[in-house]
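Student: Spelled out, the chains give:
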Amino acid sequence: MIKRVHFNVSALPYILVAPQVAITIIFFIWPATQALYQSFLVEDAFGLSTEFVWFDNYKELMNDPYYLGAFKTTVIFSILVAGLSMGVSLILAAMADRVIKGATTYRTLLIWPYAVAPAIAGALWVFIFDPTLGIITYIFNFLGYSWNHKLNGDQAMLLVVIAAAWKQISYNFLFFLAGMQAIPKSLIEAAAIDGAGPTKRFWTIIFPLISPTTFFLLVINIVYAFFETFGIIHAVTQGGPANSTQILVYKVFNDGFVGLDLGGSAAQSVILMVIVIILTAVQFRYVEKKVAY
Amino acid sequence: MAEVHINQITKSYGNDQIIHGIDINIQDGEFIVIVGPSGCGKSTLLRMVAGLETITSGDISINNQVVNTLEPKDRDIAMVFQNYALYPHMSVFENMAYGLKIQKLAKSEIENRVNNAAKLLQISDYLTRKPRQLSGGQRQRVAMGRAIVRNPSVFLFDEPLSNLDAKLRVQMRLEIKKLQKRLKVTSLYVTHDQVEAMTMADRLIVMNKGIAEQIGTPMNLYEHPQTTFVAGFIGSPAMNFLSVKTKDNKIEIPVSGKILDIKTNIEQPEAILGIRPEDIEIVDSNSSDLKLKVSAIEPLGADSLIYGNSEGFNDDLVVRVRGKTEFTEGDTFHVYFKREKLHFFHTITRKRLQAVA
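Chains as they are written, first to last, in this note's numbering: chain A, 167 to 459; chain B, -3 to 353.
Derived by calculation from the structure, the hints in this document are not laboratory data. Keep in mind that a hint or two might mislead.
[Said to hold, decoys possible] Straight-line C-alpha distance at most 30 Å; calculated DSS-like pairs for lysine-lysine: (1) 351/A to 69/B; (2) 351/A to 100/B; (3) 97/B to 351/A; (4) 126/B to 97/B; (5) 205/B to 351/A; (6) 103/B to 366/A; (7) 100/B to 366/A; (8) 287/B to 241/B; (9) 69/B to 173/B; (10) 97/B to 173/B; (11) 351/A to 163/B; (12) 351/A to 126/B; (13) 115/B to 180/B; (14) 126/B to 366/A; (15) 241/B to 334/B; (16) 69/B to 366/A; (17) 366/A to 97/B; (18) 267/A to 69/B; (19) 287/B to 337/B; (20) 267/A to 205/B; (21) 126/B to 69/B; (22) 351/A to 173/B.
[To be verified] Here are some, though not all, of the chain B residues that point toward chain A, as calculated from beta-carbon distances under 10 Å: (23) 68; (24) 79; (25) 80; (26) 95; (27) 99; (28) 152; (29) 154.
Glycine residues also receive a C-beta, built at the ideal position from the N, C-alpha and C atoms.
Based on the sequences and whatever the hints tell you, model everything.
Tutor: In structure tokens:
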């Protein structure tokens, strides 16, 4: 049992938490409530008439092939982004863990992408893969492969996945490296004496021991792919071609601010809100407790 | 079963040389303890034998095969670490079986070996537990078990008992010693604890600043220390040292000016006299070598330590007496040095002088 300290009743604690509560209410609770309310309304594009329609917006979404398509796109996108960025950063961290000379430089360089704004990261990759100007496209053409993400949906998806994963690699790398460095050196040495080579050691000792980190990063990366990749999508493909990279967050924006279907857009954001609440709950429930040993 | 030969081994990190050419020949089945203060290079030496550190120059051979460039796994060794280094995500059984699985032994063989080792170490009841569910002593046994199941040629121990409490340490050191005698596996054991070193070793290596000061049986080192470092390191409390004048083949004790009735052939005008606390007797003034004033008393139960001082001495002289002592602080008393127990060392080289003719 945690021993609780009792204070005399006074206004001070309330005053101290007031700013935090105010911020939470103004920036989180209020907009969320607004979204919830708006998701029950149908409004014309000019905002002249509003009608309360209960769950009609949700029903419509559930029957909308485009929305369900966006859901599927999001799931594929998240799995690819989480898989790619975690896979690459795991390899980088495993190698950085063994580096002795120039380790600091190596690590610092790997952290840079995290400091790049999503839209800039997107623009960067757009340039590299531009169908007419891009250097990679040029190489592809040279090798006889035609790259045009403005026409080819799969290529567009691949490009946003690369851009989004690239940005997240730094973050994952830091956590993986920290996790690996927390493993006592003598464990690795003991495994080496027991006859395990570097690869065997990684999969039987290091990887199981960083599993709490891996699980934490999996949740973080899915949340990232779901909610924080708007800037990249917007800069790279704007959801196209033919909605092939339209993830849920992007569709909220597109339907609400381009299509001016505020009710439908609000309903979509409420669904996203529920998803993020579930993911956060999972994270709190398991990341704190789930330790493999 | 193996002989281990360490031949002119050195180790440098950049320009810092930390091991300066060590030679050791270890017989088959011998229990060798490397002892020294922290930073003397003893762990580094052990890790070079294990293959966890590279060798700057020299050779290490196990079973007459030079192993300098071999990976740890190819050296046929097993190592017990100070922090046990048990795999926290594996059960006791899996910990002990890990190396065997990598060797791709048959499942029945693995079970056989692990169960036998577990029985030997009395940990059969804990095989399904995770290391965190074990006490320090039990973890220590698992670490031993992991070494035993592999049937290595050489056991390496890196301060395996220093994380245990005092009582358990005494118990475990006896068990390790017995186990080693039973298995007859050549062992190399590193410790900073001279009691552990004395009690366990067949032969002892005292290391200081990257060199082996002396190699020999514990009693040999105790009775004939070759340097002041060994003399001071082996034995507790440490040997007392006095600067003495030597003239006309006689030895003069400072302060009291007493001329000892022994002949010497020391050529230098000065030498260091060493005498262990247990080799000093308390006597009456007639046969006194030195008069001291009590500065502190430490009762140990079976023995008492009397710290005596005299003007002109930097350090207290320690005297060990049986049982308890009647003296209190400030009392004066006379001491006599047992002549046959005197050690003499060179003032500069700190090496032993064969003083008595």
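Student: Does each hint fit the structure? Answer for all of them.
Tutor: Verification of the supplied hints:
1. Restraint check for residue 351/A and residue 69/B: satisfied, since their Cα atoms lie roughly 16 Å apart, inside the 30 Å limit.
2. Restraint check: the Cα-Cα separation between residue 351/A and residue 100/B comes to about 25 Å, which is no more than 30 Å; the hinted pair holds.
3. As the CA atoms of residue 97/B and residue 351/A are separated by approximately 22 Å, the hinted pair is consistent with the 30 Å bound.
4. With a C-alpha separation of about 18 Å, the suggested pairing of residue 126/B with residue 97/B holds against the 30 Å cut-off.
5. With a CA separation close to 25 Å, the supplied pair residue 205/B and residue 351/A stays within the 30 Å bound.
6. The suggested pairing of residue 103/B with residue 366/A holds, with an alpha-carbon distance near 19 Å, which does not exceed 30 Å.
7. For a cut-off of 30 Å, the pair hint linking residue 100/B to residue 366/A stands: about 13 Å separates their Cα positions.
8. At most 30 Å may separate the alpha-carbon atoms for a hinted pair to count; residue 287/B and residue 241/B meet this at roughly 18 Å.
9. Note on residue 69/B and residue 173/B: the hinted pairing holds, with a Cα-Cα distance of about 25 Å set against a maximum of 30 Å.
10. With a CA separation close to 28 Å, the supplied pair residue 97/B and residue 173/B stays within the 30 Å bound.
11. With a C-alpha separation of about 28 Å, the suggested pair residue 351/A and residue 163/B falls inside the 30 Å cut-off, and the hint holds.
12. Using a Cα cut-off of 30 Å, the hinted pair residue 351/A and residue 126/B holds, with the two alpha carbons roughly 20 Å apart.
13. Only pairs whose Cα atoms come within 30 Å are accepted, and residue 115/B paired with residue 180/B is accepted, the gap being roughly 18 Å.
14. At most 30 Å may separate the alpha-carbon atoms for a hinted pair to count; residue 126/B and residue 366/A meet this at roughly 21 Å.
15. Restraint check for residue 241/B and residue 334/B: satisfied, since their Cα atoms lie roughly 18 Å apart, inside the 30 Å limit.
16. Proximity of residue 69/B to residue 366/A is assessed by CA-CA distance (about 13 Å); at most 30 Å being required, the pair is judged to hold.
17. Between residue 366/A and residue 97/B, the direct Cα distance comes to roughly 12 Å. Compliance with the 30 Å bound is thereby established for this hinted pair.
18. With a CA separation close to 25 Å, the supplied pair residue 267/A and residue 69/B stays within the 30 Å bound.
19. The straight-line distance between the Cα atoms of residue 287/B and residue 337/B is roughly 19 Å, inside the 30 Å bound, and the hint therefore holds.
20. A hinted pair counts as satisfied when its Cα atoms are at most 30 Å apart, and residue 267/A with residue 205/B qualifies at roughly 27 Å.
21. A C-alpha spacing of about 25 Å is found between residue 126/B and residue 69/B, which places the hinted pair at or below 30 Å, so the restraint holds.
22. Restraint check for residue 351/A and residue 173/B: the C-alpha separation of about 27 Å stays at or below 30 Å, so the hint holds.
23. For residue 68/B, the interface hint holds, the least distance from its beta-carbon to any beta-carbon of chain A being 5 Å, beneath 10 Å.
24. Given the 10 Å rule on beta carbons, the hint for residue 79/B holds: about 6 Å separates it from the nearest Cβ of chain A.
25. Hint status for residue 80/B relative to chain A: holds, with the closest Cβ pair at about 8 Å, below 10 Å.
26. Against a cut-off of 10 Å between C-beta atoms, the interface hint on residue 95/B holds, since the closest Cβ of chain A lies about 4 Å away.
27. The beta carbon of residue 99/B is positioned within 10 Å of a beta carbon in chain A (closest approach about 6 Å), and the interface hint is therefore held.
28. Here the hint on residue 152/B is kept, as its CB sits about 8 Å from the closest CB of chain A, short of 10 Å.
29. The criterion of a C-beta within 10 Å of any C-beta in chain A is met by residue 154/B, whose closest approach is roughly 9 Å, and the hint holds.
Going through the hint list in order, the structure satisfies each hint without exception.
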